[in-house]
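Engineer: Here's the letter readout for the chains.
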Amino acid sequence: MTDATHGPDAVTGVTPDTGLRIAEQRAGGEMVAADGTPLKRSLNRALRREKLRALALVAPLFLFIVVTFIAPIADMLFRSVENQIVSETLPRTVVALEDWDGDDMPEEPVFAALAQDLAIAVELKNHTRLGSRLNYETTAASSLFRRTGRGADDIGEDAADRFVALDPAWEEPATWVGLMASPDWIEAQAEWAAGADDDAGPEPRFELRDGVADALPRAADMYAAFARVIRTEDGDSPTEEEPWPIVCRALHGDLIANPDAAAGFDGANAQLLAAAAEAAPAFEVTGFRDTFLDIDEDWGDTTIWETIKAFSSPYTAGYFLSAVDLQLTADGVARQPEDRQIYGLLFGRTLFMSLTIMGCCVLLGYPIAFLLANLPMRSANLLLILVLLPFWTSLLVRTSAWKVLLQQQGVINDLLVWSGIISDGGRLALINNQTGTIIAMTHILLPFMILPLYSVMKTIPPSYVRAAKSLGATNFTAFRRVYFPQSVPGIGAGCILVFILSIGYYITPELVGGTTGTFISNRIAYHISQSLNWGLAAALGTILLAVVLVLYWLYDRIVGIDNVSLG
Amino acid sequence: MVLPPYATLGQRIWHYTFLVICGLIFFFLIAPILTIIPLSFNAENFFTFTPGMLALDGDAYSLRHYRDFFQNPDWQQALSNSVRIAPAATLISVGLGTLAAIGLSQGHVPFRRAIMVVLISPMIVPLIISAAGMYFFYSRVGLQGSYLGVVLAHAALGTPFVIITVTATLVGFDRSLTRAAANLGAGPVRTFFKVQMPLILPGVISGGLFAFITSFDEVVVVLFVGSAGQKTLPWQMFIGLREQISPTILAVATILVAVSILLLATVEILRRRSERLRGLSPA
Amino acid sequence: MKLKSLMLTTGAALIAVPALAQEMADEMTIVSWGGAYQNSQLKAYVEPYQEMHPEVEVIWDESSGEAVAGMRAQSEAGNITWDLVDVTAADSMRLCDEGLAMEVDPDEILAPAPDGTPASEDFGEEMLVSECFIPQIAYSYTFGYRTDVEEWEGRTPDEICDVFNLEEFPGQRSLEKRPHNNMEWALYCDGVAWEDIYDTLETEEGQDRALAKLDTIKDQTVWWTAGADTPQLLADGEVVMGSTYNGRLFSVIEEQDQPVAMLWDAQSYDLDGWVIPEGLDEPALNRVKDFLYFATDTQRLADQAAWISYGPARKSSAPLVGQHAELGIDMAPHMPTNPDNASNAFVQNYEWWADYRDDLDSKFQAWLAQ
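Taken in sequence, the protein lines are chains A, B and C. Residues 1 to 567 (my numbering) are what the first sequence spells out, left to right. Residues 1001 to 1283 (my numbering) are what the second sequence spells out, left to right. Residues 2001 to 2370 (my numbering) are what the third sequence spells out, left to right.
Some hints could be false.
[Unchecked claim] Stretch-level coverage of chain C by chain B, calculated; a stretch enters the list once three of its residues show a Cβ under 8 Å from a Cβ in chain B: (1) 2029-2043; (2) 2048-2061; (3) 2073-2083.
It is worth saying that the hints were derived from the structure and are not from the lab. The C-beta atom is built at its ideal place from N, Cα and C for all residues, glycine as well.
Work out the full structure, taking the sequences as your base and the hints as a guide.
Structural biologist: Shown next, in the form of structure tokens:
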């Protein structure tokens, strides 16, 4: 027992693992517990049980934090690389662009794919969102997609007119259903339509006829998309709606490419298709490329195509690159144009202001902590209340107070004018700039500097300084050579704490910072709620988080997270 | 900090200069909070001292902003939301946090350090990042804009404080007391409530107060995770400061300062009691 | 004739409000802009409606400035917490384009005018700018200035370009923290004719030119995000002139009696109205429709003008606009649509802004941060 009572267990007494150690040290002969099992095994079991019990106590909170806190942050990290929107909105275009070399305007098939994708996207109302997404990478993408979206309905109108002129049957929804739909679906749909009054649920999901996808690949693809979209978006049925013009245009393309397509059909369908196939080459239809150039000549520029190609993969580093003023181009990573380089500036400003605030806190906090540590307990406790009161006061209360004080017509300026230091016309601009943020945040974070400093200084024995003085040191030397070095850990702890807190501050800079006194956090909030660039917000957040975690690790190294004290 | 009688003139000057500097810093700490108190009794709709106020004219002061606070449905709704959300979040934080702190203090927790990092993280991660993450994630799972969402978010933010304060009271907790209780025939549950709990109670309560104030004073996360239905007092103040600036905010601020003084006093009393109970400082 | 129109109205009302028999939610979250404007909605629509339906509880959310973000997040989550959202015309287009707002047929869900004119005609095409938009008011962005600035030596700004004239009119200005209007004003004062403004803004050079003009006053500018900012800044004397919604200036000048005057020159018209989020559940939607039918009728829109100086969106409301509810002054001279105020006014091209908003926003914000 003796060795057990000397170590860290002096307070806790024997625990299973110290017992185990003792048992191991007793080399001679195996010790046996009361029930006859070897003591070693019995103690091992007890130790395991104790571990499990401790874990069971920790587990609920651990799971709670993981679900309510860690998972959201992981989700945000994921958002910073997520980029499905391009490949999901323009699947055909992305595939068609794979072979594009990037030198000239893409060929007709790419434009055809884009026309098909856009026709669907416009119906699903996805194209403006895609435009906004691409606009993060290249300006003018948003307006391009919006303008094009308004013209996309009409693409293929000329082909549709020709088909109808050839045979009015092409105007009939039934013609198309007969041509495209599988017999099973037609049957199921008819059954559903007959019983529709009795709340039979939604219409059955559309199915293509066997073989139609081989004979008329593009038309079948577009018709299936049409049937799907009008069912889910509009609650309509393909049996009642004329297909989009683009379906006719696709059919025209299929018939040119495969004039014998009618061979795969029978009856009326075969005749209809054969007639159309014969007439198709004579149809005057505008090419897809010309159509797009007609809607907006920017489609002739390679920039937009490069952007679509560069961002076609479902995951992208693009947001992170934007967050450090870089961009992904067709030729790899490059600097952003000068007028869009702002994040370096903002991160720099955030660091600069956080460091300034930290410095101010040290300057103001050190004397106070020194005074508190060297006063008798009773008066120190009384003065400590003056530090703790701001600490406990609502952040918004303190921010409102500064807003009142710092305004040009506010209390401080009024006082300065009244005392004659400045003239009424020369009132100082103390708010809506960096000065405002630094003053208000120094005030808000000062207690976080004073408290750790105070707790370190309390432990510095006054006898050291007295000894130094008795050895002939002046007051200043004694302080500089003896007292100050011992207080450095407190400065370190306070500085990191203040720095961590200030670097991620949002509320106070938002209210008193104007445009020059804001932090990267304000930018993150702007991207979440104003510009809606959530990917960039997530990327900026991830970088900020990484910086804070490194500081946190440092803090843990220097102070230890267990030693965080709260007043 | 007593000046020795043999101090030279220079030392005296320095000593008093130092005291003046400290006085100024204390003034800097306290004055902003004190300034808003008289301003909240302003009879006008301004944020500055009117000539009447400076002349101590009774008519320049009024309780209208306090009346506004107690009559305006927006403020009342915000108050009632705060009063509903903060205690619920505190209960969760304290319950889970105390259990975990006890578990962590048992000395045989595998991966203790890693677990601690995870549990303390809500206090370290900048609020805007927590808020952004929760906004996206809670939106996905349908918790955004609900009381439950705000309560869970605030509970997560409050737990680190409970862990830290309770762990601190458990440092130096004499484990032989629980063994003695077990020896005398008490079950683990009984031991916990009769022996351990009373000793760590001050820590639990002050941790709870921290968790409460965290939730009660929190604005960033609630702005993102909550919707208008969960508008809390700080939210209403934030809107007020950004949009419809009215001195009612100062009245609310004054009330909140009074609340903080109350809380501060409670924590201080608890801390002393705890130290006395554990014999860490002379009574 | 009168009787006939009355019968028509009641008849139409009876047909259009079968909602009474349906299940309706008792809680409604209305998103608006806060301040004097929200107050006018409260007095003119919500309080009278609650008198008729005391069981209805209304929760206000002052998030209209972030309406697009909020509705996108809610739609992504499939958890719609807003029932009725007040947005600008450009935002309504954007929400409609993205399928976040519900498309509505004005004649189906809105009351006809008292003389029986269907709602779509009563509002008119120039008001119904998107398929989702239910207009309430026409307002304008205009400047207010303090009348007691000593450094101005008695001069008062009487045209828009005085905003850019720091020599004659020194002092801080407040401008909106968005490119809208600021870019137009800057180009106009840089010598671009009104009809060429949007063509110029489409080009990179035009954008740079506008920003260069704004650069001349950048360090003398406070940027506002909420409509109440400029009135507050003017009242506190923090700025000497600033842009905001004309109604907010009206309340500073007439209601709070501050030494502030209005600069009507080159005011920029815009519209504001309701959208209904897509995906509301049945009871909530029924309640919203019931409320909207009431809150956008001719009398209610005219009533709103008694609280704030915005022009009602219905033609039939205009003759009913009377006096301020508390001050008893005639409201008509304070309306942005009043011919005396309309000199040099321009209509903000919201369609153009819907197209170019993303382009210009990113550029403007980068410029601001530099």
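Engineer: State for each hint whether it applies.
Structural biologist: Verification of the hints:
1. 2029-2043: holds (count 4)
2. 2048-2061: With 3 residues in contact (Cβ-Cβ under 8 Å with chain B), the coverage given for the segment 2048-2061 of chain C holds.
3. 2073-2083: holds (count 8)
The earlier numbered hints are all upheld by this structure, with none contradicted.
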